[in-house]
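Enquirer: Chains A and L, in that order, are what the protein sequence lines are.
Taking the numbering used here, the leading residue of the first sequence gets 12, the next gets one more, and so forth.
Taking the numbering used here, the leading residue of the second sequence gets 2, the next gets one more, and so forth.
These are computed hints drawn from the structure, not numbers from a lab.
One or more of the hints may lead you astray.
What the hints assert, rightly or not - Straight-line Cα separation of at most 27 angstroms, DSSO-like style, residue types lysine-lysine; simulated pairs:
| id | chain 1 | residue 1 | chain 2 | residue 2 |
| --- | --- | --- | --- | --- |
| 1 | A | Lys127 | L | Lys3 |
| 2 | L | Lys130 | L | Lys72 |
| 3 | L | Lys154 | A | Lys126 |
| 4 | L | Lys294 | A | Lys67 |
| 5 | L | Lys130 | A | Lys100 |
| 6 | A | Lys64 | L | Lys130 |
| 7 | L | Lys83 | L | Lys132 |
| 8 | A | Lys126 | L | Lys130 |
| 9 | A | Lys123 | L | Lys154 |
| 10 | A | Lys84 | L | Lys294 |
| 11 | A | Lys127 | L | Lys130 |
| 12 | A | Lys126 | A | Lys139 |
| 13 | L | Lys297 | A | Lys168 |
| 14 | L | Lys12 | A | Lys57 |
| 15 | L | Lys297 | A | Lys16 |
| 16 | A | Lys123 | A | Lys16 |
| 17 | L | Lys51 | L | Lys12 |
| 18 | L | Lys194 | A | Lys100 |
| 19 | L | Lys83 | A | Lys84 |
| 20 | L | Lys294 | A | Lys21 |
It should be emphasised that the depicted structure is a prediction, and the values quoted were computed from it without experimental measurement.
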Amino acid sequence: MIEMKEVYKKYSNGVTAANGIDVNIQQGEFVYVVGPSGAGKSTFIKMMYREEKPTKGSIMINGINLATLRPSKVPLLRRNIGVVFQDFKLLPTLNVYENVAFALEVIEEQPKYIKKRVMETLDLVGLKHKARMLPTELSGGEQQRVSIARSIVNAPKLVIADEPTGNLDPETSWEIMNIFEEINTRGTTIVMATHNKEIVNTIKHRVIAIESGKIVRDQMRGDYGYES
Amino acid sequence: MKARTIRRHMKESVKNLGRNGWMTFASVSAVTVTLILVGVFLVIMMNLNKVADSIEDDVEIRVHIDIAATKEDQAALEEQIKGLSKVESVTFSAKEEELDNLIASLGEEGEVFNLFEQDNPLNDVFIVKAKNPTDTMNVAKQIDEFEYTTKVKYGQGSVEKLFSFLSVSRNVGLVLIVGLLFTAMFLISNTIKITIIARRREIEIMRLVGATNSFIRWPFFLEGLMLGVLGSVIPIAMISVLYSKAHDYIAPRLEGNFIQILDVNPFIFQVAGILVIMGAFIGIWGSLMSVRKFLKI
C-alpha cells in the first residue's frame, strides 16, 4: 500500500532529511519507525500524508504518486489517512463529540451518518460516556484517545502516528497501544514513529530504523535496538 | 454547495466575529474611519464634478460677424462652422438682441445705452458650443481663420485655467481615495491576521482531515464581508444626514445661478451603494489576504 522508491528530501536550509529511502509497506501491517532524534523519522512520516514533498523519487500510496500529486488533490488523499500527534491537536473550545465530528463535518458528510459514526468511534476508544466534556477536563491519555478517534472516524486505510505516547505515562501508553492494536486487527495499516523501547520490545511488530535519512535496519518482529 | 454547508459557514463566521469581539471592533472601526473619509471625498468630488460640468456647459464661443457680410456670406459662415466636427450647436443672435441683453445685464445704468438703439454699434453674433467643452480653444482657433469674422471670444485665459484646475482636482481626489482604500485593506488584513493566528490549529486540523481550501476559506470570506458591510453603516448614515442638511442649506442660495450641486435623491443612494461595495470589497480582500499564507501546501 505504501511504496517509496529512491526518496530524497533536502530542505531549503540545506538539511538532508531523506537520503535515498526505499521501502514497501503492505496493507494491514503495523510498523514502528525508530531512530535517534533528528534522524529523519518525522520527515519520513510527513511525506506519507504529503505534508512534505520529496525532492526526488516517488511515493505511492494506494496507487497515487504523492510526488506528482496536484495540491488541489491533497485533501482527497488526506481523507484516506488518519494522523495522530504527540500533542493531540484538539480544539479546546469544542467538546469530545464535536472534536471527533469536526473531521466529518469539514468534508461535508451527512449529519445522520456523522452522529452514528462518531458515537461508534467514541465507543471503540472507550469515551462514549465523556462525549460532552471539554478536552481540558480530560486526562492526557483520554485526550489522546479523542485524537485517535478523530483520526479513524472516517475509516481510513492508513493511520500515521508521530510519537503518540510521547507525552503519556507508561500505564496510559499501554492503553493507547491497545487501541492501536485493536484498530490494526480491523485491517488498518499503522505506521508509528516512537521512542518507547518497552513498547517496541514487548508488542512485536516490524521495525524500521532510520539514521541520517537512511533506513539502516528493517526487521520483521524487530527490537527497538537503541538504548533509551 | 449544499445548504447545510452554507449554514455552517454562516454560523462559524458569526461565532468567530463574536469570539474575537475586540478584533472585530478594531476591523470594523478601521473600515468605518476609512469609509467616512472616502465618503466625504466622494461627495466633494462628485459635486465638484457637477459644478465643473455646469461651468463647462456655460463656456461658449462668441463669433462676431463682420458688418460687411451679406446674408449669403453669413449663411455660408454658419455652414462652415457647423461643418467643424467638434461643434455641437450654432445659434444666431442679431445685434438688436445683443444690445437688449447688454442693457438688461447692466440694469438701471444700462438705460443710457438705449440711445444706441437707432445706431447700434454691435455686431451680429454666432454663439457656438463645442461638443466637448475642453475643445473650446481649438474650435475657436479654427473659426478665427474663417472669412467675415471680426472677433472670436470665449473668455481666453480664464477658460484654460479653469479646465486645468478641474482636471488637477479630479486627479488629486482619485489618488487620495485609492490611497485610503489601500490603507484600510492593509489595516484589515493585519487585524484579521491576528485572529487567524488564534485559529491556526483549527485550520491545521481542517487541512489534516482533508477539508478543501475553499471550504476553509469560506468562513473567512463571509467574515470579511460582514466586517466590511458593518463598517459601512455609520459612514452611510453620517453622510446621508450631513449631505441632506448641507444640501438644504446650500441649494437655495444657488438658486438662479448656473452652478448647481447634486440633488439628495438619488445621489446619497449612489454614495451609499458605492460605500457598501467598497466596504465589502476591502473586508473580503483583507480577510482572504491574511488566510492565504495558512493554506499553502
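Enquirer: Would you mind marking each hint as holding or not holding in the structure?
Expert: Hints and how they fare:
Of the supplied pair hints, the one linking Lys127(A) and Lys3(L) holds, its CA atoms being roughly 21 angstroms apart against a limit of 27 angstroms. Annotation: proposed proximity of Lys130(L) to Lys72(L) holds, straight-line Cα distance about 22 angstroms (limit 27 angstroms). For the hint pairing Lys154(L) with Lys126(A), the CA-to-CA distance comes to about 86 angstroms; that exceeds 27 angstroms, so the pair is violated. Simply put, Lys294(L) and Lys67(A) have alpha-carbon atoms about 25 angstroms apart, close enough for the 27 angstroms limit, and the pair holds.
Of the pairs offered as hints, the one joining Lys130(L) and Lys100(A) is violated, with about 75 angstroms between alpha carbons and a cut-off of 27 angstroms exceeded. About 71 angstroms separates the Cα atoms of Lys64(A) and Lys130(L), which puts this hinted pair outside 27 angstroms; it is violated. For the suggested pair Lys83(L) and Lys132(L), the alpha carbons sit about 11 angstroms apart, so the restraint of at most 27 angstroms is met. For the proposed pair Lys126(A) and Lys130(L), the alpha carbon gap of about 77 angstroms is over 27 angstroms, so the pair is violated.
At most 27 angstroms may separate the alpha-carbon atoms for a hinted pair to count; Lys123(A) and Lys154(L) exceed this at roughly 84 angstroms. The suggested pairing of Lys84(A) with Lys294(L) holds, with an alpha-carbon distance near 18 angstroms, which does not exceed 27 angstroms. Under the criterion of a C-alpha separation no larger than 27 angstroms, the hint pairing Lys127(A) with Lys130(L) is inconsistent with the structure, at around 80 angstroms. Note on Lys126(A) and Lys139(A): the hinted pairing holds, with a Cα-Cα distance of about 12 angstroms set against a maximum of 27 angstroms.
Between Lys297(L) and Lys168(A) the CA atoms are separated by roughly 26 angstroms; this keeps the pair inside 27 angstroms, and the hint holds. Distance check on the hinted pair: Lys12(L) and Lys57(A) sit about 33 angstroms apart at the alpha-carbon level, beyond 27 angstroms; violated. Of the supplied pair hints, the one linking Lys297(L) and Lys16(A) holds, its CA atoms being roughly 26 angstroms apart against a limit of 27 angstroms. Taking the CA atoms of Lys123(A) and Lys16(A), the gap is near 42 angstroms; set against the 27 angstroms cutoff, the hint is violated.
For the proposed pair Lys51(L) and Lys12(L), the alpha carbon gap of about 45 angstroms is over 27 angstroms, so the pair is violated. In summary, the hint linking Lys194(L) to Lys100(A) is supported, as the alpha carbons are separated by about 21 angstroms, within the 27 angstroms threshold. Taking the CA atoms of Lys83(L) and Lys84(A), the gap is near 68 angstroms; set against the 27 angstroms cutoff, the hint is violated. For the hint pairing Lys294(L) with Lys21(A), the CA-to-CA distance comes to about 22 angstroms; that is within 27 angstroms, so the pair holds.
Violation of the numbered hints given earlier is confined to hints 3, 5, 6, 8, 9, 11, 14, 16, 17, 19; the remaining hints are satisfied by the structure.
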